[in-house]
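2 protein chains.
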Amino acid sequence: METNKTMRETTINLPETKAEAKEKAPLLNSSKAIAILEPPNRGTKKGIAIGDFVLRLCTIGATLGATVTMGNAGAVAPFTTRFLRFEAQFNDIPTFVFFMVANGIVTGYLFLSLPFSTICIVRPLAKAPRIFLVIFDTAMTGLTLASASAVASIVYLAHNGNPNTNWLPFCQQFGDFCSSTSGAMVGSLLAGTLFMTIIILSAFALKRN
Amino acid sequence: METNKTMRETTINLPETKAEAKEKAPLLNSSKAIAILEPPNRGTKKGIAIGDFVLRLCTIGATLGATVTMGNAGAVAPFTTRFLRFEAQFNDIPTFVFFMVANGIVTGYLFLSLPFSTICIVRPLAKAPRIFLVIFDTAMTGLTLASASAVASIVYLAHNGNPNTNWLPFCQQFGDFCSSTSGAMVGSLLAGTLFMTIIILSAFALKRN
Numbered sequence: 001m002e003t004n005k006t007m008r009e010t011t012i013n014l015p016e017t018k019a020e021a022k023e024k025a026p027l028l029n030s031s032k033a034i035a036i037l038e039p040p041n042r043g044t045k046k047g048i049a050i051g052d053f054v055l056r057l058c059t060i061g062a063t064l065g066a067t068v069t070m071g072n073a074g075a076v077a078p079f080t081t082r083f084l085r086f087e088a089q090f091n092d093i094p095t096f097v098f099f100m101v102a103n104g105i106v107t108g109y110l111f112l113s114l115p116f117s118t119i120c121i122v123r124p125l126a127k128a129p130r131i132f133l134v135i136f137d138t139a140m141t142g143l144t145l146a147s148a149s150a151v152a153s154i155v156y157l158a159h160n161g162n163p164n165t166n167w168l169p170f171c172q173q174f175g176d177f178c179s180s181t182s183g184a185m186v187g188s189l190l191a192g193t194l195f196m197t198i199i200i201l202s203a204f205a206l207k208r209n
Numbered sequence: 001m002e003t004n005k006t007m008r009e010t011t012i013n014l015p016e017t018k019a020e021a022k023e024k025a026p027l028l029n030s031s032k033a034i035a036i037l038e039p040p041n042r043g044t045k046k047g048i049a050i051g052d053f054v055l056r057l058c059t060i061g062a063t064l065g066a067t068v069t070m071g072n073a074g075a076v077a078p079f080t081t082r083f084l085r086f087e088a089q090f091n092d093i094p095t096f097v098f099f100m101v102a103n104g105i106v107t108g109y110l111f112l113s114l115p116f117s118t119i120c121i122v123r124p125l126a127k128a129p130r131i132f133l134v135i136f137d138t139a140m141t142g143l144t145l146a147s148a149s150a151v152a153s154i155v156y157l158a159h160n161g162n163p164n165t166n167w168l169p170f171c172q173q174f175g176d177f178c179s180s181t182s183g184a185m186v187g188s189l190l191a192g193t194l195f196m197t198i199i200i201l202s203a204f205a206l207k208r209n
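Protein chains in written order, with the numbering used here: chain A, 1 to 209; chain B, 1 to 209.
Do not rely on the hints blindly, as some may be mistaken.
What the hints assert, rightly or not - Label pairs and their in silico Cβ distance ranges:
id	chain 1	residue 1	chain 2	residue 2	range
1	A	V97	B	V68	16 to 24 angstroms
2	B	G108	A	V122	37 to 45 angstroms
3	B	P163	A	I121	47 to 55 angstroms
4	A	T197	B	V122	24 to 32 angstroms
5	B	R123	A	T44	35 to 43 angstroms
6	A	V97	B	N166	15 to 23 angstroms
7	A	I135	B	V122	22 to 30 angstroms
8	A	R123	B	I131	56 to 64 angstroms
Claimed, not checked - Simulated pairs of lysine-lysine, DSS-like, Cα-Cα distance not exceeding 25 angstroms:
id	chain 1	residue 1	chain 2	residue 2
9	A	K127	B	K46
10	B	K46	A	K46
11	B	K127	B	K46
Stated by the list, open to error - A few chain B residues that face chain A, going by a derived Cβ cut-off under 10 angstroms, partial list only:
id	residue
12	I93
13	P94
14	R123
15	L145
Derived by calculation from the structure, the hints in this document are not laboratory data. In this text, all values refer to a predicted model and were calculated from it rather than measured experimentally. Virtual Cβ for every residue (Gly too), placed ideally from N, Cα, C.
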């Protein structure tokens, strides 16, 4: 509505300036009029929207990788005997289950958000899809970072243990399991960082008119 | 700069409209001119800025409360003897130390952000301070939620333990300690939620022109 108003104003203004500068350079003046009719910063906004789309694809890679890595995390202890088998799996620890569910949800959301991001590329001046994306992006950033840091504190315990609470580390016995879960955690932290970049980019896209 | 331009345009337009409608209703017309000079949605933006300021104060309360509660968390086990004293303190667990530092940083940031929020109230159309706030708010949301969920996973362990990894719960012995840390965690989660609301409000403030 605002852009419409300014456009109307400028078209009202045009005859005046044309009349004033008719003798000097009419060609230059008409090209100026076209530049005024085209909304400003359309190109910048389109660039931001494309960056948003690419970042979303990267984030999908990070969260999908984290989900799959966590889902496949498992190790058999080296001291397995014929009758006793010591195994570690991600669903031994509830936090890891939460991590997998959360990252699965975020991956699903990211796939669903791609069409909206495409709308932002096609129509860079539309603000409704961008606001919609900002709201859900913020919630999903929270979910991603929460799951990543919850797992980080458990992975730290698994590596170092805590003598004060008598929680012993188990990473020496289950090395594969620990490295898998650490990798998944890093992927999710990366996704959280990418999400924060997406939010800041969206804020810039909303700022430029 | 953008608003300056539109205002200059409207002041250029004013004499024309006045000359046209001088006979009809000069009083009505001049009030219309004032309405044009006043940028649209200024009131809404001011309302959003005031809401932002109030939410920031609430968030300060939440993070400060969380920091202080965690710092004072401590309990002596009921089976203390004359020679042995079983004590639990927040710095027995590194995650709790991280939580306290993170919440302290966030509280400090929030105090520093209040002047910028005030600028947004005084000048609702200024976009630079709002973008500045969005960038740092996003980072601080990440820090708050990360610290809260890292502590959440430890508090869960302290309450329920994990038989698969042989980590035993200790909340039955140190009830006070556990309730303090749980309270601090809830405060920090609340702060994270308030922060997310602030980011979404900022997006709306940037959207309306």
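List, from low to high, the hint numbers that the structure doesn't satisfy.
-> 1, 5, 8, 10 and 14
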